[in-house]
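Novice: Following the hints, position chain G against chain S.
Line order of the protein sequences matches chains S and G. 1 is the number of the first residue of the first sequence in our numbering; add one for each residue after it. 300 is the number of the first residue of the second sequence in our numbering; add one for each residue after it.
Hint data in this document are derived by calculation from the structure and do not stem from the laboratory. Incorrect hints may appear among the rest.
As the list claims (entries may be wrong) - Here chain S is said to cover these stretches of chain G; the calculated rule only asks that three of the stretch's residues, wherever they fall, bring their Cβ under 8 Å from a Cβ of chain S:
1. 352 to 361
2. 405 to 415
3. 431 to 438
4. 450 to 456
Stated by the list, open to error - Example chain S residues on the side facing chain G (calculated, C-beta under 7 Å, incomplete):
5. Gly-137
6. Ala-180
7. Glu-242
8. Met-245
Unchecked claim - Derived lysine-lysine pairs resembling DSSO-like cross-links, with alpha carbons at most 30 Å apart:
9. S:Lys-208 - S:Lys-233
10. G:Lys-416 - S:Lys-215
11. S:Lys-109 - G:Lys-345
12. S:Lys-246 - G:Lys-358
13. S:Lys-109 - G:Lys-381
14. S:Lys-215 - G:Lys-358
Glycine included, each C-beta is placed from N, C-alpha and C at the ideal position.
Here are the chains, one letter per residue:
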Amino acid sequence: MARQISSDAGVTTLVFSADGVLLRGLCQDAKLRAWDTATGALRQTVSFDEGDSAPALTATGLVTVGKDGALKSWDFASGKVARKVAPEGLRARRVAASPDANFFAANVKQTDLASETAVRVLDSGGKQRFVVPSGLGGLGALAVSPDGSTVVAASYDADMRAWNARNGELLRLINELPVAMFDLKFSPDGKWLAAAGVDRTVYLYDTKTWRQARKLVGQPEMISALAFSQDGKLLASGGFSEITMKKPVKVLIWDVNTGKPVHTFDAPQRVSSVAISPDSKWAAASTGGKSIDLWALHG
Amino acid sequence: MNPYKTSRRAMLERCIGNGLLTAGALSMSQTQLLAYWQHAEAQAGKPTPTEVLGPFYRKGAPNNTTLRIAGESGFPLRVTGKVTNTKGNKVPGVRVELWHADHVGLYDVQGYRYRTKLEIESESAYAVETILPGHYDDRPAQHIHYMISAPGHKTLITQAYFATDPFFDGDPYKNYRKRNMVSDRELIRPVSLYEAPGQPRAAIEFHICLETL
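Isolated chain S, as found in the complex (with noise of 0.2 Å):
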């Protein structure tokens, strides 16, 4: 069964409450929408201050940069900013958030080498633990593992690279990948970070010892965004056509355990966002456009 919900602007990253009972989506008119998920009807708007820019949502919370440089976390329940660090210097691109808001790893560009960019992770009082060069080119994406412990990035260079959150350690340069990754999700249990990108197969890496464990394969287009099942059992991945971001893709339900897909599902355009509902019943992808696909998982 598939079914949707529409929006009044385009929606762009999902995420489902812990509960399940709403569908959080960031939308294109800067506001962050939480829908019903069982009936699809609008329950909160959150809207962000003006000028906000890079909003990065996660499970639990909301993260945006305001026009003067400041990050901002966002309450769901109050729909305030909840706390606000106004770090010094460089510009934060993309940003990611420990589970907790404890901490915020920061994308910026490096002045003196036009292409190098750097993560910063700053502390919840603004306060810098660490910056340290991300590569060449920007990134493709930045994550936060579950327990706060290791943040991670893609950049478009191909290059990955897990860091110690504390102190900017840098425990694995992952340099065997020969693309973009342009999704990068911990499995809840933090044992797995998958990521995937430009070559159509995600990879799943051991994140005790950083290695390759296991290759998906059979995507038929690049792959622009995953999430796991709240139990770690079910991947999904949404598709990106190399030949335009308006041709229609597939979202494939992956089976972590086998490496085999069990669901393929369509959808009408470049995947932005994906989501399985904690009960891992729904499917859900967005794709900018101004309606969420919801597909039931069967057995």
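Specialist: Below, chain G alone, put in the same frame as chain S:
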């Protein structure tokens, strides 16, 4: 450098090296030549402008100067250029990676079609036989991606564009900012046509100037 100590020949070579003259245009007046030369001097020490890397870079391309396969679709293109640094010196041990879409605007995301990593040891010049890249919907100006690295120099990421591209509506130097496409109009290269046996070809020169570390 003192211009009065420069020979006409050196001046011409400098201008040609900087893409301001083609070797066929040697009949111009001394005054015109001096103006071109002064412009060339002003550009000489300037590092090549950077451009975005884009998502389609692929590591591990073979060192291959012929990317065009005989009989394949696409208008043949020759790309040549010199690699110097901001001091005007040759750059030994340079690696020039270039990649572009095929004639209909598709990148090879699984393999290495129209991708190369040139390993240039001493001559500091490169030449590649390929095809004119096609247009694609999401970034509809024809372009060739570059990543250039050399010991002791900053890695340069940039792109070359084509002055003949209809995207520029006939006036690339005015319209280069359309849709935020091109970071610097110096990256748009004049396209020349030359007759090769049996087939006309396009050619561009794209010189690279690296910053030293």
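Novice: For a quick check of understanding: which of the numbered hints are violated here, in increasing order?
Specialist: Nothing - there is no hint that the structure violates, so all of them hold.
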